[in-house]
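**Q** The task is simple: from the sequences and hints, build the whole structure.
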Amino acid sequence: MQRNEALELLGRHLKKPNLVKHCLAVEACMRAMAVRLGHDPEPWGLAGILHDLDYEVTEKSPDLHTTETVKILEAEGLAPEIVHAVQAHAGKAPCESAMDWAIFSIDNLTGLIIAATLMHPDKKLASVDVGFVQKRFKEKGFARGARREDIEQCRNLGLELPEFIGICLKAMQGISGELGL
Numbered sequence: 365m366q367r368n369e370a371l372e373l374l375g376r377h378l379k380k381p382n383l384v385k386h387c388l389a390v391e392a393c394m395r396a397m398a399v400r401l402g403h404d405p406e407p408w409g410l411a412g413i414l415h416d417l418d419y420e421v422t423e424k425s426p427d428l429h430t431t432e433t434v435k436i437l438e439a440e441g442l443a444p445e446i447v448h449a450v451q452a453h454a455g456k457a458p459c460e461s462a463m464d465w466a467i468f469s470i471d472n473l474t475g476l477i478i479a480a481t482l483m484h485p486d487k488k489l490a491s492v493d494v495g496f497v498q499k500r501f502k503e504k505g506f507a508r509g510a511r512r513e514d515i516e517q518c519r520n521l522g523l524e525l526p527e528f529i530g531i532c533l534k535a536m537q538g539i540s541g542e543l544g545l
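Residues in the sequence shown are numbered consecutively from 365, following our numbering.
Hints were generated in silico from the structure; no laboratory data involved. All values reported here derive from a predicted model rather than from experimental measurement. Hints should not be assumed to be uniformly reliable.
[Said to hold, decoys possible] Derived lysine-lysine pairs resembling BS3-like cross-links, with alpha carbons at most 30 Å apart:
1) Lys502 - Lys385
2) Lys385 - Lys435
3) Lys534 - Lys504
[Stated by the list, open to error] Distance windows between CB atoms, simulated:
4) Lys499 - Glu440: 39 to 47 Å
5) Pro458 - Glu438: 16 to 24 Å
6) Asp493 - Asp514: 19 to 27 Å
7) Pro381 - Pro426: 20 to 28 Å
8) Gly522 - Ala457: 15 to 23 Å
9) Asn382 - Gly522: 26 to 34 Å
Yeah, the Cβ is synthetic: ideal placement off N, Cα and C, and Gly gets one too.
**A** Quick look at the structure:
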């Protein structure tokens with residue numbers, strides 16, 4: 365599957381603009397992380413784009429999240445490692461590969477970065493730096509939905525938190541126009 369096909373699939377299954385933007389943010393971070401870790405960014409990017417494909421239909425039943433996505437991705441013939449990473453991001457499969465650990469950690473980090481950006485005076489990703497995100501990370505009452513323990517699993521990639529945040533922040537800044545930030 366090519367990126368444009370993944371975006372078409374995303375458009376057919378997700379209608380909420382903020383959810384689509386979240387998937388684009390995860391894609392950007394996954395691609396950047398793949399490059400940093402010496403992997404092919406294409407499958408990592410696909411996992412990022414498609415990881416929440418069934419979110420709108422499973423939103424009220426979190427235990428079902430990824431079940432529909434898996435069916436769709438398998439029918440589309442996506443590589444098993446991409447399907448596994450999609451399951452791993454939601455804790456439906458164990459993290460076994462670097463791609464799994466990356467998406468598991470990145471999924472929550474993108475939410476934290478967006479929340480930090482929205483509290484910044486100009487609400488622009490370009491104005492946010494790693495220190496600002498780290499400060500918000502330490503505030504347990506800030507962006508409670510961004511599970512810090514999941515973000516900290518970046519250590520399974522051999523990365524410390526500041527570098528991990530920096531890679532994702534830079535990736536998201538690179539698509540700030542698409543994210544509207």
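**Q** Against each hint, give a clear statement of whether it holds in the structure.
**A** These are the hints, each one checked on the structure:
1. Under the criterion of a C-alpha separation no larger than 30 Å, the hint pairing lysine 502 with lysine 385 is consistent with the structure, at around 25 Å.
2. Of the supplied pair hints, the one linking lysine 385 and lysine 435 holds, its CA atoms being roughly 23 Å apart against a limit of 30 Å.
3. Restraint check for lysine 534 and lysine 504: satisfied, since their Cα atoms lie roughly 24 Å apart, inside the 30 Å limit.
4. Between lysine 499 and glutamate 440 the CB atoms are about 41 Å apart, so this pair conforms to the stated range of 39 to 47 Å.
5. Separation of proline 458 from glutamate 438 is about 19 Å and conforms to the stated range, judged on CB atoms against 16 to 24 Å.
6. A hinted range of 19 to 27 Å for the beta carbons of aspartate 493 and aspartate 514 is consistent with their spacing of about 22 Å.
7. Range check, proline 381 to proline 426: Cβ separation about 21 Å, and the 20 to 28 Å hint holds.
8. Distance hint check: the CB atoms of glycine 522 and alanine 457 are about 21 Å apart, consistent with the given range 15 to 23 Å.
9. Distance hint for asparagine 382 and glycine 522: a CB-CB separation of about 32 Å, consistent with the stated range 26 to 34 Å.
Violated hints for the displayed structure: none, as all numbered hints are satisfied.
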